[in-house]
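**Student:** Residues per chain, in single letters:
2 protein chains.
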Amino acid sequence: MSDTGTEAAQAAHATQTIRRSPLHDFLAPDSIAIIGASTDPTKRGYKAMVGLIKGNYGGKVYPINPKVPEILGVPTFATLDDVPGPVDLALICTPAATLPGLMAECGRKGVKGAVILASGFRETGAEGARLEQQVLEAARAGGVRIIGPNTSGMFNLHKQVNLLDLRNVKPGDIGFISQSGNMLLALVLEAEHNGHVGFSTYVGPGNQTDIGFNDYLRYLGEDEHTRVATLYVEGFRDGQRFLEVAREITPLKPVVVYKSGATEMGKKAASSHTGALAGSYAMTVDLLRQVGVTVVRYSDRILPVAEGLALLQQARGKRVAVIADGGGQATITSDRLSEAGLELAELSAATRKRLAAILLPQASLVNPVDVAGSSDANPEVLAQCMEIVADDDNVDAVFLVGMFGGYHTRFAESLLGGEMRAAESMIELARRVDKPLVIYSLYAPVKPPALRRLHEAGLPVYASIEHAVRVLEALGERGIYLAHQHGQPLHASATPREDMQAMFARAQNEGRDLYEFEAKALLRAHGVAVAEDVVAHSADELAAAVARFGERPLAMKVVSKDILHKSDAGGVKLNLVGESALRVAFDQIMSSCRAYDPNADIRGVLVTPMAPKGTEVIIGVVRDPIFGPVLMVGLGGIFVEILEDVAFRAIPLSRFDAESMVEQLKGRKILAGVRGEPPIDKPALVELLLTVSGIVRAYPQLSELDLNPVIAYPDGHAVVDARIITNRAVMSA
Amino acid sequence: MSDTGTEAAQAAHATQTIRRSPLHDFLAPDSIAIIGASTDPTKRGYKAMVGLIKGNYGGKVYPINPKVPEILGVPTFATLDDVPGPVDLALICTPAATLPGLMAECGRKGVKGAVILASGFRETGAEGARLEQQVLEAARAGGVRIIGPNTSGMFNLHKQVNLLDLRNVKPGDIGFISQSGNMLLALVLEAEHNGHVGFSTYVGPGNQTDIGFNDYLRYLGEDEHTRVATLYVEGFRDGQRFLEVAREITPLKPVVVYKSGATEMGKKAASSHTGALAGSYAMTVDLLRQVGVTVVRYSDRILPVAEGLALLQQARGKRVAVIADGGGQATITSDRLSEAGLELAELSAATRKRLAAILLPQASLVNPVDVAGSSDANPEVLAQCMEIVADDDNVDAVFLVGMFGGYHTRFAESLLGGEMRAAESMIELARRVDKPLVIYSLYAPVKPPALRRLHEAGLPVYASIEHAVRVLEALGERGIYLAHQHGQPLHASATPREDMQAMFARAQNEGRDLYEFEAKALLRAHGVAVAEDVVAHSADELAAAVARFGERPLAMKVVSKDILHKSDAGGVKLNLVGESALRVAFDQIMSSCRAYDPNADIRGVLVTPMAPKGTEVIIGVVRDPIFGPVLMVGLGGIFVEILEDVAFRAIPLSRFDAESMVEQLKGRKILAGVRGEPPIDKPALVELLLTVSGIVRAYPQLSELDLNPVIAYPDGHAVVDARIITNRAVMSA
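Chains as they are written, first to last, in this note's numbering: chain F, 1 to 733; chain B, 1 to 733.
Check the hints yourself; a few may be wrong.
Copies of the same chain are indistinguishable here, so a pair counts whether it falls within one copy or spans any two.
In silico lysine-lysine, DSS-like type, Cα no more than 30 Å apart, as pairs [unchecked claim]:
| no. | residue 1 | residue 2 |
| --- | --- | --- |
| 1 | K447 | K666 |
| 2 | K47 | K447 |
| 3 | K170 | K566 |
| 4 | K613 | K259 |
| 5 | K43 | K566 |
| 6 | K159 | K259 |
| 7 | K109 | K60 |
| 8 | K353 | K47 |
| 9 | K447 | K170 |
| 10 | K561 | K353 |
| 11 | K43 | K447 |
| 12 | K159 | K60 |
Simulated from the structure, these hints should not be mistaken for laboratory data. What you are looking at is a predicted structure, and each value in this text was computed from that prediction instead of being measured.
Using the sequences provided together with the hints, build the complete structure.
**Tutor:** Here it is as structure tokens:
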């Protein structure tokens with residue numbers, strides 16, 4: 001269990017330092033008006049009344065209905081203006097068309113927030129979008145914040161506010177923001193069926209017209225009743241802001257995100273490799289993890305993972321000690337831990353000696369520890385084993401696997417006492433050590449007494465090894481994030497250079513992207529090692545290249561704003577030695593490119609020494625419409641093109657980000673050197689990523705960047721091709 | 001639902017054509033002796049008595065115990081010999097040391113099968129293994145078959161035989177063989193908690209001393225009460241035989257296998273690339289799927305998948321129509337279907353028109369169909385939608401996703417009638433169409449009336465989209481297997497050639513593997529296109545190579561039985577043109593190889609034309625100690641070395657096997673041609689795989705084979721290197 005006192009103290013501290021979210025004013029309201037309150041039991045305007053009254057809401061309830069004098073014994077008002085006191089929150093159950101007028105009314109009344117259930121807005125087309133904009137403007141004019149429209153509603157169970165007609169929702173630690181009302185229902189039923197923890201606040205953000213995920217996240221981060229912020233997201237509207245808020249919240253409390261659209265790839269016509277891969281689910285996952293968010297891939301893992309993060313200590317790392325009372329499940333556990341990137345902790349000799357002292361000779365003392373019958377007559381042995389391995393410095397988390405809780409039905413009734421004593425020992429151990437105890441029991445579905453006791457004491461028991469392993473993974477990742485990633489300084493912006501600003505301005509004035517030699521000049525200006533190059537506007541200028549580079553083999557590439565795919569146009573010649581070879585190549589390039597595009601504006605060719613062979617890396621940047629500037633790295637060739645083996649980070653990067661994105665690649669074995677080849681210069685690659693991050697911050701005129709390939713060597717690297725797409729909308733100073 | 005009548009008829013037919021398993025005689029026994037029957041309630045010799053008597057076993061029970069006159073009212077016998085009638089099955093609860101004697105006793109009595117609970121055999125070391133061998137010999141001498149030893153026992157609920165002390169196990173359709181007793185317990189509790197189908201026969205195979213997985217599988221295949229054979233396997237003893245039996249059983253009924261050790265890689269020191277990758281979990285999965293087995297990767301999917309296969313129609317393919325009553329879950333469903341390799345069926349115009357006629361305008365008629373509120377007031381709309389899409393020829397399976405079953409609690413009590421009518425329509429539809437109806441409901445955990453009705457009628461309802469998708473995947477794979485793979489002729493053995501037999505004999509006499517030129521000769525002898533080569537034993541013989549190959553660039557490789565890694569030894573020279581270049585290369589190879597291994601027996605060099613560039617493929621064969629001869633294919637380079645992107649099939653292969661193993665590779669995009677390159681000649685590659693399969697069958701002297709690389713072209717391919725390891729134990733004719 002996490003130390004609630006400390007977390008609460010941290011949260012209190014956070015509340016002081018972070019600007020307090022205005023959402024508290026109406027998500028924990030002291031007075032609620034129900035506009036469109038109804039006496040029809042099938043209507044939301046009736047169900048919300050039931051939810052508030054049966055839920056023992058302590059604040060004021062004002063049903064607005066001009067036709068009936070009272071609803072469920074509560075006197076109604078004809079209009080909002082008639083309500084005598086202040087109104088924190090309005091639940092609006094009337095159709096879309098009424099909303100602009102009602103927003104003005106709410107503004108007059110000083111209503112702080114409005115939940116708009118109606119659909120018929122942006123999601124229906126252009127006319128609905130116009131109406132939605134009107135509603136937003138009316139709300140802004142009156143200072144009213146909007147939840148929705150097109151939302152399933154909200155509840156705040158610790159304030160007894162329940163505007164949904166959901167029964168049997170247990171108050172608890174999980175704050176949930178979900179774009180699917182069905183997903184809320186599914187989790188509530190699952191929590192009820194499996195005895196999970198309950199919920200604090202739920203909000204359906206609907207169209208996010210005004211309040212978006214980032215605002216709700218800040219609210220949940222500050223909410224004292226929420227121990228884990230859990231989000232079901234179909235789409236972010238302001239992803240960049242969400243990342244900023246998440247970076248602030250995740251150190252204070254865990255944030256769990258399920259993002260739907262896992263297999264959806266970016267659909268826009270891509271003008272670069274990076275553009276083709278950006279916008280993907282994989283990118284979203286990388287960016288969320290960069291700021292400490294736990295991303296859950298399958299919807300049936302949302303609740304177990306959120307519960308584990310809410311109730312258990314984070315782990316300091318990924319080394320798990322397994323205590324099992326059966327070989328089969330020990331093997332399954334090893335498989336799943338390994339797949340999840342977790343490790344079986346190597347137990348110290350002292351630990352093994354202590355285990356040997358209490359276990360039968362046939363027990364396996366090597367992790368996974370299989371007690372092999374040692375606990376059959378005395379289940380307390382399991383708790384003792386957990387205590388012993390928890391004391392081992394090589395262990396970051398303890399995982400109990402097997403039949404605990406069912407010993408008294410499986411072996412002998414008389415074992416119940418031992419099971420209850422073992423449960424108490426586990427509870428005390430969890431309070432004492434700063435490592436998580438994760439428990440899987442095959443008896444979890446039937447909730448025997450010892451497991452009920454653990455649950456009541458705040459130790460979750462999982463009915464699936466797979467789910468328990470996901471919890472261990474999330475606890476380990478969170479611990480590693482907090483220890484290594486959180487708080488790392490973000491790489492500063494480069495200082496923009498006047499000559500480079502002028503270069504961008506020229507390109508923008510000419511309505512074009514940067515030429516390759518300009519892109520390389522920008523990199524060179526900011527300290528990136530780029531080979532020298534010479535631009536020859538005519539064949540006669542090739543002599544200068546020969547004079548500069550001598551007998552080194554050279555590459556020649558066409559310079560034209562109109563030719564994007566130089567190789568396809570026959571605009572690239574390689575391994576040229578001597579002036580006559582250059583002249584032949586020049587003529588070939590000119591004629592090929594003219595044939596390829598007779599109207600192309602061809603400025604000449606770029607001549608540069610060939611780079612030696614090495615490992616091809618691709619580095620890219622896009623400005624994602626949702627998440628802002630994003631950097632991508634991958635290995636060249638099939639790794640990017642066939643396997644889509646790339647890693648993303650939002651800009652700016654920390655050094656940890658740059659290092660971890662390289663380590664994340666499946667092809668990292670290649671970078672580390674295969675078949676006896678030396679490893680590439682990873683520190684130099686990391687430096688290059690950070691430099692690119694700094695350049696992108698310094699030049700808003702830069703829209704996309706592709707360094708493809710960068711050839712990495714055991715000592716440094718060469719940027720062989722560079723492409724920078726300008727942002728025509730951002731003019732240079 | 002599958003048509004039970006037809007399946008039963010098929011099973012009956014199978015029973016006639018397949019030799020009837022001898023296991024029926026004692027897994028469905030008419031008389032049981034309990035050796036070591038006890039009055040101590042904690043002992044298995046007591047619990048089994050309780051299981052039989054409380055379970056209303058209809059046959060004879062003979063407790064063997066010389067010390068008490070009766071147990072639970074059943075008269076005891078001092079020894080087995082004292083039992084008056086025949087004994088089909090003996091449950092033996094006494095320690096390991098008593099077993100050799102008891103086996104002799106069982107033999108005298110004519111006991112057909114014995115369940116040996118005791119441990120202390122092979123699993124404890126050499127002494128235990130000797131004892132186990134003694135027990136086996138005694139049993140064989142007396143004609144007694146052995147379950148175990150070191151087993152958790154067995155039950156056959158349709159015969160009321162329950163030798164375990166498990167309560168609340170519902171009789172049903174799932175036959176289960178599990179090397180982990182805990183896994184049985186876990187599934188029984190899960191089935192009880194979630195209301196799944198029950199079990200027919202369970203056996204713990206223990207050490208598989210006598211009876212192995214293949215025998216149990218045949219029994220379950222023939223057992224009329226088992227509709228799905230489900231196996232939890234830690235290790236096969238005779239995998240090759242298991243594959244043979246599975247090939248016979250899977251057409252008759254589904255077989256589900258969970259194999260533990262998913263992340264365990266082959267541990268033997270590998271003498272070839274293929275050797276290094278064989279023996280892996282991935283290989284086991286490929287071989288099991290080759291014979292129609294459904295492999296389940298996570299243990300919490302065993303029960304849902306087994307239940308779905310037991311109760312539902314197989315699908316004809318992978319095209320799924322989704323009917324959802326909420327956009328969020330429709331999106332999740334699309335993600336999961338796509339990840340599982342399933343497709344969203346493209347609904348016909350007629351289908352969309354029929355849907356439009358019953359749905360609201362805002363409904364999405366493109367699969368996934370989102371009814372968008374159309375069913376809120378009338379849940380029968382869901383059943384109507386299912387019927388409409390089930391009629392579409394483009395649809396192989398129907399998947400209902402959402403709140404069905406909970407409409408009367410979610411919207412209005414009055415909807416219960418509509419839900420019950422919808423359930424009846426679904427049941428009728430399932431009986432009428434030969435496509436599976438798979439149902440996910442977020443209300444499944446609370447078992448509302450309509451879902452209970454579906455369950456009772458044999459239509460499972462899943463509480464997890466993820467699990468339901470796994471069921472759809474399994475049903476689709478099974479349908480495709482039966483339609484395309486099952487019954488395909490297996491590629492015949494090649495006819496062994498005398499000269500090749502003699503070549504093997506020479507190598508074996510010399511205690512060596514085949515030389516590369518011999519391996520290539522073997523391939524050439526069986527029709528594989530291998531480039532000509534010349535062996536030069538001295539520099540003076542190089543002239544012959546020049547005479548033969550002229551000015552073509554040549555490769556030269558050392559010929560030595562002692563040099564396995566020719567490149568490492570400096571034993572390979574490439575791109576040689578002209579006799580002087582050959583002579584220089586010859587001298588360099590000789591001196592390098594002598595320096596590498598002064599004692600190497602160097603016979604000369606092999607000279608062969610260089611193959612043009614193309615796509616590198618690797619083909620390998622091993623004789624796996626468990627599964628017998630196995631063929632592997634992969635793409636060369638990083639695909640094999642870094643990504644382990646290979647596919648396996650047991651030899652002999654069908655044409656479908658050869659085709660599907662190529663299609664299974666992640667790198668198949670490369671074979672299909674990337675970046676405008678033409679595709680490789682896949683039919684020729686398939687032919688090569690089949691030829692290799694035939695060669696391996698023809699020559700038992702061949703132990704391992706590595707064709708690395710084969711260079712594939714748009715037209716044919718070139719086998720550039722070939723290595724064949726001889727089996728020194730199999731002498732040639």
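**Student:** Decide, hint by hint, whether the structure agrees.
**Tutor:** Each hint, compared with the structure:
1. Neither within a single protomer nor between protomers do K447 and K666 lie at most 30 Å apart by alpha-carbon distance, with minima of 42 Å and 44 Å respectively.
2. Taking the shortest Cα distances, K47 and K447 sit within 30 Å of each other only across copies (24 Å), while inside one copy they are farther apart (33 Å).
3. Taking the shortest Cα distances, K170 and K566 never come within 30 Å of each other, neither inside one copy (63 Å) nor across copies (70 Å).
4. Within a single copy, K613 and K259 get their C-alpha atoms no closer than 41 Å, and across copies no closer than 44 Å, so neither meets the 30 Å cut-off.
5. When the C-alpha separation of K43 and K566 is checked against a cutoff of 30 Å, the pair qualifies neither within a copy, at 64 Å, nor between copies, at 82 Å.
6. Within a single copy, K159 and K259 get their C-alpha atoms as close as 29 Å, which meets the 30 Å cut-off; across copies the closest is 50 Å, which misses it.
7. For the identical chains of this complex, K109 and K60 are intra-copy neighbours only, at 15 Å inside a copy versus 85 Å across copies, given an alpha-carbon limit of 30 Å.
8. For the homomeric pair K353 and K47, neither the shortest alpha-carbon distance inside one copy (63 Å) nor that between copies (36 Å) is at most 30 Å.
9. With identical chains, the CA atoms of K447 and K170 are at most 30 Å apart both within one copy (18 Å) and between copies (19 Å).
10. Proximity of K561 and K353 under a CA criterion of 30 Å is satisfied in neither setting, with 73 Å inside one chain copy and 50 Å between copies.
11. Proximity of K43 and K447 under a CA criterion of 30 Å is satisfied inter-copy only: 26 Å between copies versus 38 Å inside one chain copy.
12. In this assembly of identical chains, the alpha carbons of K159 and K60 lie at most 30 Å apart only when taken from the same copy (12 Å versus 66 Å across copies).
Hint compliance for this structure: hints 1, 3, 4, 5, 8, 10 are not met, and every other hint is.
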